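Here is what each chain is made of, one letter per residue.
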Amino acid sequence: MVTINLTEVPVRQANEQIRQYGAAGEDVELINPDARHHLGVGLTDPINVKIRGSAGYFCAGLSDSADFYVENNAGWGLGDNMYAGSVVVGGNAGAIAGVAIRGANIVVHGNMGSRAGQVMKAGTLCCAGNANFMAGYMMYGGRIIILGESGERVGEDMAGGEIFVGGKVTTLGSDATLTDLESAEIDDLMAFLERYKIAFKGSFQKVVNAGKKLRYTTSETQMRSLPFFGFSGKSDYWNPKVQEDVYIKSQIGRYRIRGYGGARALPHLSDLAFRRDLSKAGTDPDVLSKVEMATNIGALNGANPLKLSMPVMVAPMSYGALSRSTKQAIGMASTLSGIAENTGEGGMSDAQRGAAKQLIFQCLGGRLGWNIHDMKRADGLEIYISQGAKPGFGGQLMAKKVTKELAEIRGIPEGIDLRSPSRHPDILGADDLVIKVEELREATGYKLPVSVKLGAGRVRDDIKIAVKDGFDFVELDGMQGSTGAGGAEIMEYVGTPTLSAIIEAVNALQEIGRRDDIELILMGGLRDGIDAVKSLCLGADAVAFGTSTIIAGGCIACMQCHVGTCVTGIATQDPEHEKRYKPEVESKNIHRFLESVRWQIAAVTHALGYSDVKQLCRDDLVALTKEAAAITGLPYEPEHRQPSRFMRVRVA
Amino acid sequence: MCGIAGIMYKGNGTGAGTGQALIDMLDGCQHRGPDSTGFALYGQPKDGELRLRFFVGEGDEAQMAVQRIEQTLKNQSAHPIDAQRVGNTYRTTVEFDGDLQKFAYALEHAATVISIGTSLDIIKDVGTAHEVDDTYDVHQITGTHGLGHVRLATESDVKPEAAHPFWATGFADVAIVHNGQITNYWKMRRRLEQRDFEFHTENDSELIAVYLADKMAQGIALKDALKTSIDDLDGTFSFLVSTKDEIGYAKDRLAVKPMIMYETDDLVAIASEEVSLNRLFPGQALNTKEPPPGTYNTWSRSI
Numbered sequence: 017m018v019t020i021n022l023t024e025v026p027v028r029q030a031n032e033q034i035r036q037y038g039a040a041g042e043d044v045e046l047i048n049p050d051a052r053h054h055l056g057v058g059l060t061d062p063i064n065v066k067i068r069g070s071a072g073y074f075c076a077g078l079s080d081s082a083d084f085y086v087e088n089n090a091g092w093g094l095g096d097n098m099y100a101g102s103v104v105v106g107g108n109a110g111a112i113a114g115v116a117i118r119g120a121n122i123v124v125h126g127n128m129g130s131r132a133g134q135v136m137k138a139g140t141l142c143c144a145g146n147a148n149f150m151a152g153y154m155m156y157g158g159r160i161i162i163l164g165e166s167g168e169r170v171g172e173d174m175a176g177g178e179i180f181v182g183g184k185v186t187t188l189g190s191d192a193t194l195t196d197l198e199s200a201e202i203d204d205l206m207a208f209l210e211r212y213k214i215a216f217k218g219s220f221q222k223v224v225n226a227g228k229k230l231r232y233t234t235s236e237t238q239m240r241s242l243p244f245f246g247f248s249g250k251s252d253y254w255n256p257k258v259q260e261d262v263y264i265k266s267q268i269g270r271y272r273i274r275g276y277g278g279a280r281a282l283p284h285l286s287d288l289a290f291r292r293d294l295s296k297a298g299t300d301p302d303v304l305s306k307v308e309m310a311t312n313i314g315a316l317n318g319a320n321p322l323k324l325s326m327p328v329m330v331a332p333m334s335y336g337a338l339s340r341s342t343k344q345a346i347g348m349a350s351t352l353s354g355i356a357e358n359t360g361e362g363g364m365s366d367a368q369r370g371a372a373k374q375l376i377f378q379c380l381g382g383r384l385g386w387n388i389h390d391m392k393r394a395d396g397l398e399i400y401i402s403q404g405a406k407p408g409f410g411g412q413l414m415a416k417k418v419t420k421e422l423a424e425i426r427g428i429p430e431g432i433d434l435r436s437p438s439r440h441p442d443i444l445g446a447d448d449l450v451i452k453v454e455e456l457r458e459a460t461g462y463k464l465p466v467s468v469k470l471g472a473g474r475v476r477d478d479i480k481i482a483v484k485d486g487f488d489f490v491e492l493d494g495m496q497g498s499t500g501a502g503g504a505e506i507m508e509y510v511g512t513p514t515l516s517a518i519i520e521a522v523n524a525l526q527e528i529g530r531r532d533d534i535e536l537i538l539m540g541g542l543r544d545g546i547d548a549v550k551s552l553c554l555g556a557d558a559v560a561f562g563t564s565t566i567i568a569g570g571c572i573a574c575m576q577c578h579v580g581t582c583v584t585g586i587a588t589q590d591p592e593h594e595k596r597y598k599p600e601v602e603s604k605n606i607h608r609f610l611e612s613v614r615w616q617i618a619a620v621t622h623a624l625g626y627s628d629v630k631q632l633c634r635d636d637l638v639a640l641t642k643e644a645a646a647i648t649g650l651p652y653e654p655e656h657r658q659p660s661r662f663m664r665v666r667v668a
Numbered sequence: 025m026c027g028i029a030g031i032m033y034k035g036n037g038t039g040a041g042t043g044q045a046l047i048d049m050l051d052g053c054q055h056r057g058p059d060s061t062g063f064a065l066y067g068q069p070k071d072g073e074l075r076l077r078f079f080v081g082e083g084d085e086a087q088m089a090v091q092r093i094e095q096t097l098k099n100q101s102a103h104p105i106d107a108q109r110v111g112n113t114y115r116t117t118v119e120f121d122g123d124l125q126k127f128a129y130a131l132e133h134a135a136t137v138i139s140i141g142t143s144l145d146i147i148k149d150v151g152t153a154h155e156v157d158d159t160y161d162v163h164q165i166t167g168t169h170g171l172g173h174v175r176l177a178t179e180s181d182v183k184p185e186a187a188h189p190f191w192a193t194g195f196a197d198v199a200i201v202h203n204g205q206i207t208n209y210w211k212m213r214r215r216l217e218q219r220d221f222e223f224h225t226e227n228d229s230e231l232i233a234v235y236l237a238d239k240m241a242q243g244i245a246l247k248d249a250l251k252t253s254i255d256d257l258d259g260t261f262s263f264l265v266s267t268k269d270e271i272g273y274a275k276d277r278l279a280v281k282p283m284i285m286y287e288t289d290d291l292v293a294i295a296s297e298e299v300s301l302n303r304l305f306p307g308q309a310l311n312t313k314e315p316p317p318g319t320y321n322t323w324s325r326s327i
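Quick mapping for you: the protein sequence lines, in order, are chains Y and B.
Just so it is clear: in the first sequence, position 544 is 560 by the working numbering, and no numbers are missing.
Just so it is clear: in the second sequence, position 245 is 269 by the working numbering, and no numbers are missing.
Worth flagging that the hints you see were computed from the coordinates, not collected in a lab.
Computed from a prediction, not measured in an experiment: that's the story for all the values here.
Think of the CB as a built atom: it goes at the ideal place given N, C-alpha and C, for glycine as much as any other residue.
Take the hints with a grain of salt, since some may be wrong.
[Stated by the list, open to error] Here are the computed distance ranges between Cβ atoms for each label pair: (1) Y:Gly649 x B:Gln54: 55 to 63 Å; (2) B:Glu226 x Y:Arg272: 33 to 41 Å; (3) B:Gln54 x Y:Met17: 30 to 38 Å; (4) Y:Arg280 x B:Glu82: 48 to 56 Å; (5) B:Gly35 x Y:Lys213: 33 to 41 Å; (6) Y:Ser612 x B:Gln54: 44 to 52 Å; (7) B:Gln218 x Y:Lys392: 56 to 64 Å; (8) Y:Arg474 x B:Lys70: 41 to 49 Å; (9) Y:Lys229 x B:Lys313: 29 to 37 Å.
Let's have the full structure, built from the sequences with the hints guiding it.
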């Protein structure tokens with residue numbers, strides 16, 4: 017047993033030492049912990065760690081296989097996302113004990129704070145004292161044992177798993193119900209208690225999901241397939257889009273869900289034009305060698321950066337919304353083009369990791385698929401706060417798409433109508449976010465860049481928080497971004513247009529003198545290299561393409577991504593449908609599209625008189641509409657309209 | 025977007041190092057708010073005397089502000105006993121026995137008032153706990169109780185005026201530190217404004233302070249005012265309030281914002297995180313308690 021004195025050794029160094037002792041199979045004792053945060057975070061070896069006192073936030077978080085003992089209390093997020101292993105706490109645990117665990121045993125001898133076991137997937141969270149408000153909130157699996165009182169609203173919106181309460185069930189949460197126990201279950205509970213030497217003589221009540229909420233009973237039947245042109249509804253007032261909408265609502269009696277992006281006309285990058293005459297652009301066959309485009313992203317705080325061959329990434333899209341083959345193809349294309357791919361929500365598949373040379377791993381509120389092992393094999397980590405298409409809302413994945421493999425990766429029951437929560441259990445303000453970012457850095461030894469994805473809402477405030485909380489870069493996602501499933505009205509009417517988002521972000525950072533302390537990646541309906549160059553001119557360090565890469569890989573824009581029967585094999589988990597998608601073919605199509613982006617960026621940058629994309633600036637742009645001029649502060653010069661109209665026709 | 029701390033020494037603790045204790049606690053949770061730090065401290069009151077502190081800025085601007093303050097004090101028949109410029113603030117003790125609310129509103133026209141009280145003195149500025157201490161010698165201040173706050177500015181700018189604690193404008197000796205967000209701010213503010221209360225910031229913490237102070241002015245006990253605050257205020261909050269004789273807390277029903285407390289026969293200490301409490305007792309395992317959602321409590325000086 018090795019002793020580490022935390023009054024002498026800083027936590028970051030102590031965690032490195034613990035991991036080294038772990039690899040050597042040596043047990044560790046921490047003295048003078050004084051409720052410091054992140055103790056034992058990221059440990060993946062089966063050793064014993066004794067903490068002689070109280071631990072702070074995220075004790076034993078993101079660990080696998082180690083056994084922890086905390087003599088006194090533990091702060092928020094005890095055992096966050098733990099796989100195998102255990103934590104025993106002699107005193108009390110703060111809020112969200114056992115958050116998102118995927119198999120560990122967590123035992124608290126005292127009381128637990130609010131929302132214990134939130135979004136947990138497997139394992140056992142046991143509390144010998146009382147639990148508090150909303151224990152088992154949105155849990156997907158595993159069991160919670162509470163020997164004292166349950167606290168108010170126990171089992172609120174739980175999707176799976178079981179909660180056993182030995183004391184009083186104070187009140188049941190929404191969609192939770194009491195059910196009978198089988199004798200085998202009781203034996204199992206008593207064996208668990210005996211194993212951890214907890215005496216208990218009473219009887220148990222069992223709380224499970226009632227299954228009355230969170231289910232779509234009537235599915236949405238499509239009236240007829242409307243092409244996006246018709247769907248965007250620019251023609252008459254009662255156009256086919258409106259008619260379809262009314263008809264379908266008359267059948268299902270609720271709001272509609274669909275895939276793809278908003279179809280309403282909004283100010284966008286196409287409302288800007290270049291000040292200079294670009295008629296010669298693209299005539300130089302050697303233009304790629306004349307413009308420096310290589311861009312490193314994520315090194316500002318000392319992490320290993322993503323090395324992009326051009327200031328472009330693939331936008332986060334989930335394996336779940338998209339098929340495994342699609343994610344594989346996008347990964348392959350990203351490697352061919354020397355850019356970075358992003359897992360989106362729902363975890364990392366081996367196929368995707370193998371295909372993409374540089375891969376960002378996204379962490380969402382439901383912690384679906386989030387785990388320490390995939391974090392370690394990622395090239396960047398990203399905390400998703402929201403997305404441009406539906407800022408502030410959670411996600412939906414219909415039962416049809418929740419297959420066995422997908423459920424396994426995400427750690428959830430197969431075939432449920434899956435809601436991913438709109439909020440993180442442990443990020444309830446900028447103050448908590450600081451501690452979360454630090455946890456991710458601790459767990460991965462400060463090697464990976466940590467970014468935040470922000471749906472454009474209150475950009476001015478949010479971007480300041482992002483820089484103050486120490487993120488390396490921001491993926492800023494405007495309202496024109498797409499999604500695999502979202503409320504139709506939300507997609508059309510909630511959010512901030514991409515054009516406004518970048519302006520607000522740059523202005524806010526300049527206002528507090530911190531523009532150079534964070535990198536900005538702009539996304540949300542960017543279509544081609546021209547949009548990319550305009551974004552760079554407005555102050556983005558790089559851009560990301562989502563919808564464009566899908567279209568390049570065969571998407572026909574039928575907007576039925578959420579249904580799960582995608583005819584192109586992109587937005588489906590049905591093997592019969594997925595068969596149609598050929599990753600080796602589509603990856604080349606996506607790659608060719610990305611190379612066209614590269615060409616456009618080079619050609620326009622060169623024609624503007626520059627040799628490096630970093631030289632692009634806002635003075636290169638003018639506004640074609642009064643609205644865009646008001647948003648951007650660029651001069652209103654509608655005489656530049658001609659080339660833009662040409663471009664709009666061509667692209668649309 | 026911040027960290028909060030509060031301490032009260034029970035018994036005859038007039039000589040306790042409250043200033044230093046709060047510096048230590050705030051240093052422990054400075055990660056929650058690196059932009060600004062503030063303290064609400066309570067000295068021994070003297071009959072007929074008021075402590076005043078203002079933001080006056082620097083240089084010529086400060087000189088002019090001080091002149092305006094002096095003139096207003098004269099107009100209001102307040103007689104300065106001592107005065108001092110520290111940092112970008114102006115602190116003075118005056119003899120005054122008129123209507124404090126009118127006095128405070130009049131002074132607001134001369135300069136930004138930080139606090140007024142028979143006992144209260146609020147010290148706040150941009151920077152960390154140690155940086156603020158370097159300018160204002162907070163560690164030398166003793167007393168039975170006080171509050172502290174570290175702030176990460178989100179919706180407002182990083183400036184001393186936006187730092188916490190907030191004084192309940194117009195009510196002597198009431199201060200507040202708050203972590204959270206009051207979502208029915210404008211509705212509550214309009215209700216109070218209809219009764220001629222003035223607000224000098226758009227910060228929701230000032231609203232909580234005035235809300236509580238108004239209740240107390242109507243003869244309602246602090247504890248009962250905290251109880252109604254949980255019903256009347258919407259949003260997510262954990263806040264601490266202090267008067268010249270009491271400290272108290274309230275926590276919203278959703279339990280979104282952290283708060284943890286430690287109580288012995290000698291003291292009660294409350295903070296956002298246990299790490300702050302452990303700063304007072306290094307190397308010890310403390311028997312702490314997390315207040316349940318929707319709860320409140322108060323502690324009084326026993327002297």
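Using the Cβ atoms, figure out if Ser612 (chain Y) sits within 44 to 52 Å of Gln54 (chain B).
-> holds (50 Å)
So the hint says 48 to 56 Å: do the beta-carbon atoms of Arg280 (chain Y) and Glu82 (chain B) match that?
-> holds (51 Å)
Can the suggested window of 56 to 64 Å be confirmed for the beta-carbon pair Gln218 (chain B) and Lys392 (chain Y)?
-> holds (59 Å)
Is the distance from the Cβ of Arg474 (chain Y) to the Cβ of Lys70 (chain B) consistent with 41 to 49 Å?
-> holds (47 Å)
Range agreement (Cβ of Lys213 (chain Y) with Cβ of Gly35 (chain B), hint 33 to 41 Å) | holds (40 Å)
How does the Cβ-Cβ distance of Lys229 (chain Y) and Lys313 (chain B) compare with 29 to 37 Å: does it lie in that range?
-> For Lys313 (chain B) against Lys229 (chain Y), whose Cβ atoms are near 34 Å apart, the range 29 to 37 Å holds.
Distance restraint hint 55 to 63 Å, applied to the beta-carbon atoms of Gly649 (chain Y) and Gln54 (chain B) = 37 Å Cβ-Cβ, so the 55 to 63 Å window is violated.
Using the C-beta atoms of Gln54 (chain B) and Met17 (chain Y), is the stated range 30 to 38 Å upheld?
-> holds (33 Å)
Within 33 to 41 Å or not, the Cβ separation of Glu226 (chain B) and Arg272 (chain Y)?
-> At 39 Å between Cβs, range holds.
Taken one by one, the earlier hints fail for this structure only at number 1.
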